[in-house]
Amino acid sequence: AQSVAQPEDQVNVAEGNPLTVKCTYSVSGNPYLFWYVQYPNRGLQFLLKYITGDNLVKGSYGFEAEFNKSQTSFHLKKPSALVSDSALYFCAVRDRGGGADGLTFGKGTHLIIQP
Amino acid sequence: AAGVIQSPRHLIKEKRETATLKCYPIPRHDTVYWYQQGPGQDPQFLISFYEKMQSDKGSIPDRFSAQQFSDYHSELNMSSLELGDSALYFCASRPLAGANNEQFFGPGTRLTVL
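Chains as they are written, first to last, in my numbering: chain D, 1 to 115; chain A, 116 to 229.
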């Protein structure tokens, strides 16, 4: 069985400061890892993914994430936070051999950027 | 760019009624997924289809069924609705082949069971 842990329910960051949203995963094989963002009453928007190759992946809106196999982590980062980044962020995993298997999501982290 | 379309966007039903949710994937996406997101919860995978065949099954109740049609749209049928079925139901799609492993989500259908 696969699982995702997002240890922080909420992260507060001042605008302009760097932000990190933490994610650790557990999967039997090699993982596909994803970050999605959800704004109130909206669907999930894809931010970035790790499939293979470079451990540092860059995504939409200036976000990036670093895959760390030894720590089974995939933390989301941004060098300078914007108030508009305030939203609910989900980390998700799928086993690489899973074909059309569904994603397993973490519980989500509320990111609040204070002006 | 075309996105995943879900209908209806909002649905109100009484207990023990039935509901049908529809999903129209992005053109040329042959794989469809259904997820349920309860209030304040993470999305839970229900079921997926590839080329009109069920591909993977998650935590879908026996009261629910789904299918994918020849035009790749999918329908989630929910019977004997319970209060606990009130949630946001997302459909997602992607092309199974190729490097695009991310799923593209629709706006969701908010189901309220009274």
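Think of the hints as simulated: they come from the structure by calculation, not from any bench.
As the structure is a computational prediction, the values presented were derived from the model and not from experiment.
There may be inaccurate statements among the hints.
Claimed, not checked - Selected chain D positions facing chain A (in silico; Cβ < 7 Å):
#1 Y39
#2 K58
#3 E64
#4 G102
#5 F105
To be verified - Here are the simulated lysine to any residue pairs, SDA-like style, with alpha carbons at most 25 Å apart:
#6 K107(D) x R131(A)
#7 K107(D) x S185(A)
#8 K172(A) x Y25(D)
#9 K172(A) x Y50(D)
#10 K58(D) x G199(A)
#11 K69(D) x R225(A)
#12 K22(D) x P154(A)
#13 K172(A) x K22(D)
#14 K107(D) x T227(A)
#15 K172(A) x T24(D)
#16 K130(A) x G199(A)
#17 K77(D) x D171(A)
#18 K58(D) x R124(A)
#19 K22(D) x G153(A)
#20 K172(A) x A116(A)
#21 K107(D) x K172(A)
#22 K107(D) x A116(A)
Unchecked claim - Okay, the calculated beta carbon distance ranges per label pair:
#23 Q156(A) x Q45(D): 40 to 50 Å
#24 N41(D) x L229(A): 33 to 43 Å
#25 S80(D) x G153(A): 32 to 42 Å
#26 E129(A) x P79(D): 26 to 36 Å
#27 L56(D) x R131(A): 34 to 44 Å
#28 K77(D) x R131(A): 25 to 35 Å
#29 T72(D) x L229(A): 22 to 32 Å
#30 T52(D) x Q169(A): 35 to 45 Å
#31 L82(D) x R178(A): 41 to 51 Å
#32 T20(D) x F184(A): 38 to 48 Å
#33 L198(A) x A5(D): 24 to 34 Å
#34 S86(D) x E129(A): 18 to 28 Å
#35 G153(A) x K58(D): 27 to 37 Å
Note that the Cβ used here is the ideal one computed from N, Cα and C, for glycine as well.
Against the structure, the hints come out as follows:
no. : hint                         : result
1   : Y39                          : violated (11 Å)
2   : K58                          : violated (14 Å)
3   : E64                          : violated (16 Å)
4   : G102                         : holds (3 Å)
5   : F105                         : holds (4 Å)
6   : K107(D) x R131(A)            : violated (30 Å)
7   : K107(D) x S185(A)            : violated (35 Å)
8   : K172(A) x Y25(D)             : holds (21 Å)
9   : K172(A) x Y50(D)             : holds (24 Å)
10  : K58(D) x G199(A)             : violated (38 Å)
11  : K69(D) x R225(A)             : violated (37 Å)
12  : K22(D) x P154(A)             : holds (22 Å)
13  : K172(A) x K22(D)             : violated (28 Å)
14  : K107(D) x T227(A)            : holds (22 Å)
15  : K172(A) x T24(D)             : holds (24 Å)
16  : K130(A) x G199(A)            : holds (10 Å)
17  : K77(D) x D171(A)             : violated (32 Å)
18  : K58(D) x R124(A)             : violated (32 Å)
19  : K22(D) x G153(A)             : holds (23 Å)
20  : K172(A) x A116(A)            : violated (29 Å)
21  : K107(D) x K172(A)            : holds (20 Å)
22  : K107(D) x A116(A)            : violated (29 Å)
23  : Q156(A) x Q45(D): 40 to 50 Å : violated (18 Å)
24  : N41(D) x L229(A): 33 to 43 Å : violated (20 Å)
25  : S80(D) x G153(A): 32 to 42 Å : holds (34 Å)
26  : E129(A) x P79(D): 26 to 36 Å : violated (51 Å)
27  : L56(D) x R131(A): 34 to 44 Å : violated (52 Å)
28  : K77(D) x R131(A): 25 to 35 Å : violated (48 Å)
29  : T72(D) x L229(A): 22 to 32 Å : violated (43 Å)
30  : T52(D) x Q169(A): 35 to 45 Å : violated (28 Å)
31  : L82(D) x R178(A): 41 to 51 Å : holds (43 Å)
32  : T20(D) x F184(A): 38 to 48 Å : holds (43 Å)
33  : L198(A) x A5(D): 24 to 34 Å  : holds (29 Å)
34  : S86(D) x E129(A): 18 to 28 Å : violated (37 Å)
35  : G153(A) x K58(D): 27 to 37 Å : holds (32 Å)
Going through the hint list in order, the structure does not satisfy hints 1, 2, 3, 6, 7, 10, 11, 13, 17, 18, 20, 22, 23, 24, 26, 27, 28, 29, 30 and 34.
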